[in-house]
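There are 2 protein chains.
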Amino acid sequence: MRGLWLEDQKLSFRDDLANPVPKLGEALIKMRLAGICSTDLELWCGYYPYHDILGHEFVGEVVEAPGREDLAGKRVVGSISITCGGCEACLAGRKSHCINRKTLGIRNHAGAFADYLTLPTGNLYLVPDVVSDDEAVFTELLAAALEIQEQVHIQSGMRVLVVGAGRLGMLIAQSLALIGCDLKVVVRREAPALLLSSLGIKSIDVSEVQNSMADLVVEVTGSPQGFALSRKAVRPKGTLVLKSTFAGDVSLNLSSLVVDEISVIGSRCGPFAPALRLLAAKKINPLPLIESRFPLEKGVEALEHARHPGILKVLLFP
Amino acid sequence: MRGLWLEDQKLSFRDDLANPVPKLGEALIKMRLAGICSTDLELWCGYYPYHDILGHEFVGEVVEAPGREDLAGKRVVGSISITCGGCEACLAGRKSHCINRKTLGIRNHAGAFADYLTLPTGNLYLVPDVVSDDEAVFTELLAAALEIQEQVHIQSGMRVLVVGAGRLGMLIAQSLALIGCDLKVVVRREAPALLLSSLGIKSIDVSEVQNSMADLVVEVTGSPQGFALSRKAVRPKGTLVLKSTFAGDVSLNLSSLVVDEISVIGSRCGPFAPALRLLAAKKINPLPLIESRFPLEKGVEALEHARHPGILKVLLFP
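As given, the protein sequences belong to chains Y and B, one line each in that order.
Numbering-wise (our numbering), the first sequence opens with residue 12 and increments by one.
Numbering-wise (our numbering), the second sequence opens with residue 12 and increments by one.
Keep in mind that the hints are not guaranteed to be accurate.
[What the hints assert, rightly or not] Simulated pairs of lysine-lysine, PhoX-like, Cα-Cα distance not exceeding 25 Å:
#1 B:Lys21 <-> B:Lys309
#2 B:Lys41 <-> B:Lys113
#3 Y:Lys41 <-> Y:Lys309
#4 Y:Lys213 <-> Y:Lys243
#5 Y:Lys248 <-> B:Lys106
#6 B:Lys248 <-> Y:Lys113
#7 Y:Lys21 <-> Y:Lys309
#8 B:Lys21 <-> B:Lys113
#9 Y:Lys309 <-> Y:Lys243
#10 B:Lys293 <-> B:Lys85
#11 B:Lys213 <-> B:Lys309
#12 Y:Lys85 <-> Y:Lys21
#13 B:Lys243 <-> Y:Lys113
#14 B:Lys243 <-> Y:Lys106
#15 B:Lys248 <-> Y:Lys248
#16 Y:Lys21 <-> Y:Lys113
#17 B:Lys106 <-> Y:Lys243
#18 B:Lys294 <-> B:Lys85
#19 B:Lys41 <-> B:Lys309
#20 Y:Lys106 <-> Y:Lys34
#21 Y:Lys106 <-> B:Lys309
#22 Y:Lys243 <-> B:Lys113
#23 Y:Lys248 <-> B:Lys113
#24 Y:Lys85 <-> Y:Lys294
#25 Y:Lys41 <-> Y:Lys85
#26 B:Lys113 <-> B:Lys34
[Claimed, not checked] Residues on chain B that point at chain Y, a partial pick, calculated with CB under 10 Å:
#27 Glu99
#28 Arg105
#29 Gln162
#30 Asp216
#31 Phe238
#32 Leu253
#33 Ala258
#34 Val261
#35 Leu265
#36 Ser267
#37 Glu272
#38 Ile273
#39 Ile276
#40 Gly277
It should be emphasised that the hints constitute simulated quantities derived from the structure, not laboratory data.
Just so it is clear, CB atoms sit at the ideal spot from N, CA and C, and this is done for glycine as well.
Please put together the full structure from these sequences, using the hints given.
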């Protein structure tokens, strides 16, 4: 089959890859649409050593699923952590932190930028008919946005600031807007400001960020500068959610966190079921985030394109 | 009157200080017993520029309180933040984060290492008869320990690790032991291990700290090494409470906080009322923490003594 192969930080399109064979409890899935995420770009840059097919955002169709024949032909999305079920984290219900986990297209499990992929059937979620492929491909990213609300009780009276208006920031903003809180998104460019405005969400320029202006700040730039801006904006006894990974260490004044009693909350993958419910109910509109589409065989070009600043979602089709 | 005066990082005993005069709404308090805290030692080292009488842990007797004559002769302790009542933080009920706050013996308000001090009557708490001066002088420190439970919901099934067994660490350990959680305290010396054992609390050596061994870790060393040990010990999706101030910045891998979804919670002053209730009920025993007592005129010597590693609570009497 065809796929985008990453090895020693070299990405290549290959058409000589072996078709994956589903084991009992797994499904073989034909990719219908896949999304390029910042993590894909970071893996390409060597953020984590990974040698296999890239990609973890997808919507696909089940070809076969030994032991679950009812799934054949169904349109699905899938959570990306393949867990052992037996470690302390799994037994405590924190499956996304399984110490033996493999991760689709990220760690020890071939990814979705290919004709076919496999996942355990327990990872799959049926896509409702009213959710298009273009919407469904955002399920994983929207789930990550929703994880914030799993971790922090956000009240409607709160002043909430989202720092960063990229792919994930846009979905975070839309999900937080549903709470009815006093929401603003910090942007650096006019394009995201216009897009946010069309979605009914307020934005402010970086220069308008003031000390202690927000009860809750979501940092989604992944840059030390974005972190510093976010730290400045959160008020004493407020909460700072970190939603992006950072390259390297960041120098931090821990005393100020103590004196101001700040809560810093790391946040990663989230729940698929509410993401699909919100997409089905048309409460979240990911479609304006689609910037371009490339066929799988132009995947390297697609990832090159997605690397440019300000580019939103780039999709791959078979 | 007499008092310990700090100016340009020089501490001196003086007997020529003017008696403070209480304004309407304030109480004049005669100090009965005062405690030396790490913050006093840090102020002396220049951690924050402060030029006045040092000291914020005290139990005293109200001499007079204009407008609240009923308080005269009463034994009291007092919360240390003198707040404006009108700023955003005060109006939102976060008084300890008042942006205009003065702090007893720390910022813009003369402290308790003196014959007399003043505080607003709203800051005062009557000390129950069953609570001795030796116990009451720990109220402020115990309140700081209890702040952890105001911020984090600690369940009895949790594995809790307290890193640091100094003055505050000992009270944090005692307060957390009351939850019935699986509690261990990390110690470096035999003396605190023996003291903890006498209080029925388990301790482990630094060398016994393992990766992800605790659901909740309380960092109370204030050192970068203590922070690194604490970060190592907290499990994915766990909570790390910072209870001490750190000198300088600490280099931190923020990505690991995101990937492991760690919550880092800064924690400072806490509630006096439950601290007094627990002291009155003899559920917390601070008395073994008293290491020595010095008369006020030997205060400089007392602070020199308190600086030595492993020294627990040093008290000053008039």
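Hints versus structure:
{"no.": "1", "hint": "B:Lys21 <-> B:Lys309", "result": "holds, 15 Å"}
{"no.": "2", "hint": "B:Lys41 <-> B:Lys113", "result": "holds, 20 Å"}
{"no.": "3", "hint": "Y:Lys41 <-> Y:Lys309", "result": "holds, 18 Å"}
{"no.": "4", "hint": "Y:Lys213 <-> Y:Lys243", "result": "holds, 20 Å"}
{"no.": "5", "hint": "Y:Lys248 <-> B:Lys106", "result": "holds, 11 Å"}
{"no.": "6", "hint": "B:Lys248 <-> Y:Lys113", "result": "holds, 18 Å"}
{"no.": "7", "hint": "Y:Lys21 <-> Y:Lys309", "result": "holds, 15 Å"}
{"no.": "8", "hint": "B:Lys21 <-> B:Lys113", "result": "holds, 21 Å"}
{"no.": "9", "hint": "Y:Lys309 <-> Y:Lys243", "result": "violated, 42 Å"}
{"no.": "10", "hint": "B:Lys293 <-> B:Lys85", "result": "holds, 21 Å"}
{"no.": "11", "hint": "B:Lys213 <-> B:Lys309", "result": "violated, 36 Å"}
{"no.": "12", "hint": "Y:Lys85 <-> Y:Lys21", "result": "violated, 34 Å"}
{"no.": "13", "hint": "B:Lys243 <-> Y:Lys113", "result": "holds, 22 Å"}
{"no.": "14", "hint": "B:Lys243 <-> Y:Lys106", "result": "holds, 20 Å"}
{"no.": "15", "hint": "B:Lys248 <-> Y:Lys248", "result": "holds, 20 Å"}
{"no.": "16", "hint": "Y:Lys21 <-> Y:Lys113", "result": "holds, 21 Å"}
{"no.": "17", "hint": "B:Lys106 <-> Y:Lys243", "result": "holds, 20 Å"}
{"no.": "18", "hint": "B:Lys294 <-> B:Lys85", "result": "holds, 24 Å"}
{"no.": "19", "hint": "B:Lys41 <-> B:Lys309", "result": "holds, 18 Å"}
{"no.": "20", "hint": "Y:Lys106 <-> Y:Lys34", "result": "holds, 21 Å"}
{"no.": "21", "hint": "Y:Lys106 <-> B:Lys309", "result": "violated, 59 Å"}
{"no.": "22", "hint": "Y:Lys243 <-> B:Lys113", "result": "holds, 22 Å"}
{"no.": "23", "hint": "Y:Lys248 <-> B:Lys113", "result": "holds, 18 Å"}
{"no.": "24", "hint": "Y:Lys85 <-> Y:Lys294", "result": "holds, 24 Å"}
{"no.": "25", "hint": "Y:Lys41 <-> Y:Lys85", "result": "holds, 10 Å"}
{"no.": "26", "hint": "B:Lys113 <-> B:Lys34", "result": "holds, 15 Å"}
{"no.": "27", "hint": "Glu99", "result": "holds, 8 Å"}
{"no.": "28", "hint": "Arg105", "result": "holds, 5 Å"}
{"no.": "29", "hint": "Gln162", "result": "holds, 7 Å"}
{"no.": "30", "hint": "Asp216", "result": "violated, 23 Å"}
{"no.": "31", "hint": "Phe238", "result": "holds, 7 Å"}
{"no.": "32", "hint": "Leu253", "result": "holds, 5 Å"}
{"no.": "33", "hint": "Ala258", "result": "holds, 8 Å"}
{"no.": "34", "hint": "Val261", "result": "holds, 5 Å"}
{"no.": "35", "hint": "Leu265", "result": "holds, 4 Å"}
{"no.": "36", "hint": "Ser267", "result": "holds, 8 Å"}
{"no.": "37", "hint": "Glu272", "result": "holds, 5 Å"}
{"no.": "38", "hint": "Ile273", "result": "holds, 5 Å"}
{"no.": "39", "hint": "Ile276", "result": "holds, 5 Å"}
{"no.": "40", "hint": "Gly277", "result": "holds, 4 Å"}
In the structure shown, a violation is registered for the earlier hints numbered 9, 11, 12, 21, 30, in ascending order.
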